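Asker: Chains as they are written, first to last, in numbering that gives the first Met the number 0: chain A, 0 to 338; chain B, 0 to 338; chain C, 0 to 338.
To be clear, the hints were calculated from the coordinates, so they are not data collected in a lab.
Predicted, not measured: the structure shown is a model, and the values here were computed from it.
Beta carbons: idealized from backbone N, C-alpha and C, even for Gly.
Below, a list of computed lysine-lysine pairs in the DSS-like style, where the Cα atoms sit at most 27 Å apart:
id	chain 1	residue 1	chain 2	residue 2
1	B	335	A	335
2	A	336	B	336
3	C	321	C	336
4	A	336	B	321
5	C	336	A	336
6	A	321	C	336
7	C	335	B	335
8	B	335	C	336
9	A	335	B	321
10	C	335	A	336
11	B	336	B	321
12	A	321	A	336
13	C	336	A	335
14	A	336	B	335
15	A	335	B	336
16	B	336	C	321
17	C	336	B	336
18	B	335	B	321
19	C	335	C	321
20	A	335	A	321
21	A	321	B	335
22	B	336	A	321
23	A	321	C	335
24	C	321	B	321
25	C	336	B	321
26	C	335	B	336
Estimated spans, in silico, between C-beta atoms of each pair:
id	chain 1	residue 1	chain 2	residue 2	range
27	A	100	B	287	18 to 26 Å
28	C	138	B	100	20 to 28 Å
29	B	139	A	76	36 to 44 Å
30	A	121	B	126	42 to 50 Å
31	A	198	B	100	42 to 50 Å
32	B	126	A	100	38 to 46 Å
33	A	121	B	43	53 to 61 Å
34	B	287	C	321	37 to 45 Å
35	B	22	A	332	51 to 59 Å
36	C	277	A	232	18 to 26 Å
37	A	198	C	45	29 to 37 Å
38	C	119	B	328	55 to 63 Å
39	C	307	B	336	21 to 29 Å
40	C	7	A	144	24 to 32 Å
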Amino acid sequence: MADARFFHRAGPFTLSDIAAVIGAEPLLPDDAAVSIEDIAALESAGPEHISVFSDVRYRAALAPTRAGAIIISHKLAHHASPSSRLIYVGDPRRAYAQVGRLFYPQPPPVPGVHATANVHESACIGIGTQVDAGAVIGRDVDIGERCHIGANVVIGDGVLIGNDCRIGANTCISHSLIGHRVEIETCVTIGSQGFGFVPGPAGLERMLQLGRVVIEEGVRIGANCAIDRGATDDTVIGAGSVLDNLVQIGHNVRLGRHCVVCAQVGIAGSAVIGDGVMMGGQTGVADHISIGRGAHVAAKSGVMRDIEAGAVVGGFPAVPIKTWHRQTVGIARLSKKVE
Amino acid sequence: MADARFFHRAGPFTLSDIAAVIGAEPLLPDDAAVSIEDIAALESAGPEHISVFSDVRYRAALAPTRAGAIIISHKLAHHASPSSRLIYVGDPRRAYAQVGRLFYPQPPPVPGVHATANVHESACIGIGTQVDAGAVIGRDVDIGERCHIGANVVIGDGVLIGNDCRIGANTCISHSLIGHRVEIETCVTIGSQGFGFVPGPAGLERMLQLGRVVIEEGVRIGANCAIDRGATDDTVIGAGSVLDNLVQIGHNVRLGRHCVVCAQVGIAGSAVIGDGVMMGGQTGVADHISIGRGAHVAAKSGVMRDIEAGAVVGGFPAVPIKTWHRQTVGIARLSKKVE
Amino acid sequence: MADARFFHRAGPFTLSDIAAVIGAEPLLPDDAAVSIEDIAALESAGPEHISVFSDVRYRAALAPTRAGAIIISHKLAHHASPSSRLIYVGDPRRAYAQVGRLFYPQPPPVPGVHATANVHESACIGIGTQVDAGAVIGRDVDIGERCHIGANVVIGDGVLIGNDCRIGANTCISHSLIGHRVEIETCVTIGSQGFGFVPGPAGLERMLQLGRVVIEEGVRIGANCAIDRGATDDTVIGAGSVLDNLVQIGHNVRLGRHCVVCAQVGIAGSAVIGDGVMMGGQTGVADHISIGRGAHVAAKSGVMRDIEAGAVVGGFPAVPIKTWHRQTVGIARLSKKVE
Chain A
0 MADARFFHRA GPFTLSDIAA VIGAEPLLPD DAAVSIEDIA ALESAGPEHI SVFSDVRYRA
60 ALAPTRAGAI IISHKLAHHA SPSSRLIYVG DPRRAYAQVG RLFYPQPPPV PGVHATANVH
120 ESACIGIGTQ VDAGAVIGRD VDIGERCHIG ANVVIGDGVL IGNDCRIGAN TCISHSLIGH
180 RVEIETCVTI GSQGFGFVPG PAGLERMLQL GRVVIEEGVR IGANCAIDRG ATDDTVIGAG
240 SVLDNLVQIG HNVRLGRHCV VCAQVGIAGS AVIGDGVMMG GQTGVADHIS IGRGAHVAAK
300 SGVMRDIEAG AVVGGFPAVP IKTWHRQTVG IARLSKKVE
Chain B
0 MADARFFHRA GPFTLSDIAA VIGAEPLLPD DAAVSIEDIA ALESAGPEHI SVFSDVRYRA
60 ALAPTRAGAI IISHKLAHHA SPSSRLIYVG DPRRAYAQVG RLFYPQPPPV PGVHATANVH
120 ESACIGIGTQ VDAGAVIGRD VDIGERCHIG ANVVIGDGVL IGNDCRIGAN TCISHSLIGH
180 RVEIETCVTI GSQGFGFVPG PAGLERMLQL GRVVIEEGVR IGANCAIDRG ATDDTVIGAG
240 SVLDNLVQIG HNVRLGRHCV VCAQVGIAGS AVIGDGVMMG GQTGVADHIS IGRGAHVAAK
300 SGVMRDIEAG AVVGGFPAVP IKTWHRQTVG IARLSKKVE
Chain C
0 MADARFFHRA GPFTLSDIAA VIGAEPLLPD DAAVSIEDIA ALESAGPEHI SVFSDVRYRA
60 ALAPTRAGAI IISHKLAHHA SPSSRLIYVG DPRRAYAQVG RLFYPQPPPV PGVHATANVH
120 ESACIGIGTQ VDAGAVIGRD VDIGERCHIG ANVVIGDGVL IGNDCRIGAN TCISHSLIGH
180 RVEIETCVTI GSQGFGFVPG PAGLERMLQL GRVVIEEGVR IGANCAIDRG ATDDTVIGAG
240 SVLDNLVQIG HNVRLGRHCV VCAQVGIAGS AVIGDGVMMG GQTGVADHIS IGRGAHVAAK
300 SGVMRDIEAG AVVGGFPAVP IKTWHRQTVG IARLSKKVE
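Input sequences plus hints: build the corresponding full structure.
Answerer: Pasting the structure below:
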């Protein structure tokens, strides 16, 4: 399925292999040895492919498929043709992602430092780590094992990076402590000076920016994001959180664990975001705001007051989502009265 | 007019030369041999300059100008002084852009690969292509003829680039097929992993991102944009479309041909945008949305439902532009009732 | 206080030294010789630390503090314990920033050009300037004294940079004149082509972009910003103005002096912004708009009409802030009538 220019396929695997990876229900004896070469969408799959069915809106593609096997839940299985070979799991989408990683594993780093990389003599590069051409690694930097540091990456003095991290090309990191299994895309800035000024006789004077950025394990940061270091405290991105592209994180922000932050969100200085918060694209959060754990903020919202844990809000200023929908209806009615 | 530090002027050219380039109406015999040295605004132009008049709001500058020639339409010509030398065309702004390119042509690439560029031995660099210092070009990359690859650009394995492309410094491209005459500015990310996750027992697990980015011919991409590769399908930017700076394009987005996407727009995953769509700055488009060909979306809109072809919409949620204007009026009236 | 991995502390200093730097009122004779080793927050300070009290909301930390000295105003001094050693100034926050710079001075550049930097033979690098690894500096570039040019920075032909500037890693600058004491963060684009097109028979044709970017002295530009060069005039960033991260500045924009532009703001082409204007995050300004000096624009606003000097506006379309607040109240009431 995937373009071989860019993705290297492993396999083939038997259905037995696959079922073990995804924790599927026991297979029929005849099915276990069936060999699968690749993943594919239902529409394009052939007998050598495994596919997935997880969204009833697309059921038209299910019965006619020629796929060799279909990952599915019991709940949706009645939509399938009796002749299809069904592989039962609780969460087909997640299982399909796992099968995808089986067939298209992330290539491991190729250990070594490229001849054109500039690594300070005091820096420590872990075993199995790959440092690409033109990367610049500063004094006392400590990079863990099995990392991949992309081309032309610039890592400032003293930065710590854990094991199994991937830093995309042309990204800049300074004043930061980065945990294990962190993935950062390309053209990202981490550790820049925060935006704090006081008026003085000759104009604006910069406030101190003496904190750090702490990125906990398993975080994923999208392309072209900017994360400022703390002013006095640290800026913290909690474990397992994921940031989409072009996100702005101000100084001293504390983002919880397992948060989902969509593209172009901006979080102003010293905001505190609880665990598991989801924020839609282009949302803004004012400085010093607190958002409780598990809250959901709809896309393009402007959060100007604290949000309680578990709340679902939207609009600008952000209000409970039902209120916002009523506001939208009210405004629509209002416009009908205007000539 | 232009600063010689940055722009190199060609010429002089006769009005006859110029008229041929812009398809002007036949000149008076005495005018054809007039020599023009440069372009200039009406206010600053002298007899050696050619200028343009295309917007009646600025007519105060027209009669007093000392310009040696003025590009103008018949419709606006009555605003000019009888003593001015007028060059008639249908679209003066477009003609002026053409004259500008005549006097200030884009410098051609200087063929060759800089000694500090890192080009993989399997990569193919076309005739006449310039590769600047520090650029890193991966395995099996194929770059066409007469391209200019800027300094410290990073091009990942397998990427294809057509002829006559310009890739700005510090830009990163991976998992992409790029057509002819594509211009990409600096600090751009193309081909990053899309933003798709499923919950798992240990946190969020990444969905597969096995697609590509396909950029068709003549596309222009502004500075610091981010374009994710597809998840299963491709992300496609249609021929002749132009993106301003800091634009976000999610995975599987299909942008049509000749679209205009202003700065800081965000288009979420799997949205389908028709040909000739115009989107104002800071607009957001939700995932899986469809916008019909030729639609116009006003700046800062939030598109949450499908938009029909040719529609003109604005606001958040985006509605027909007249409705939005009525909403604005209604809200203004409403506020007068609030103490 | 600050992490020694990233920040190098000077000192110790006597209170007499410190008072001289911040223009404090005369000290008690016994206090002048007290030695201070570092700055610290009230909560964590010990006798060797100096701290600050400037916000009455945090007064609970004041009386119990063990800080060796506290910078404070007369107005707030009555909240302090009688046993605390108080240092009186007019503006404690500003004084604290000054003390912070005393203890944590910005490290001066280490003069010299790294062996892997590519500096064109015609470029001029001032005395005391540091050029880091992989930087690429074009023809006829002129960089002043005591500058720091970060790793992998790319500076295009003809660019002028004043004294005491700091250019962050992986930033790209072209077609620009940059004054003294300008600080630019990482992954910034300055001088890119503006976004202007005219329809032609074969699609969109680019308008001329023959202007420059002029950045006056003391400007600070955040990470991942994009500033287009002018089309015919220049794009100007006035002296002392500060831009946060991910800001977009269109061609021909004229931003005044001492403006504050928060993160993710977008200013469209040819807008004219007066001195001292403040713009909240994610605000958008339409093209050709004029905003008078000293105006404040609330976060996430959309400015579609000219704004008078000194006005305070908010909302989309932006209106006087009191009107906007009334609109918000009106909409809230309206939603209560909707079932």
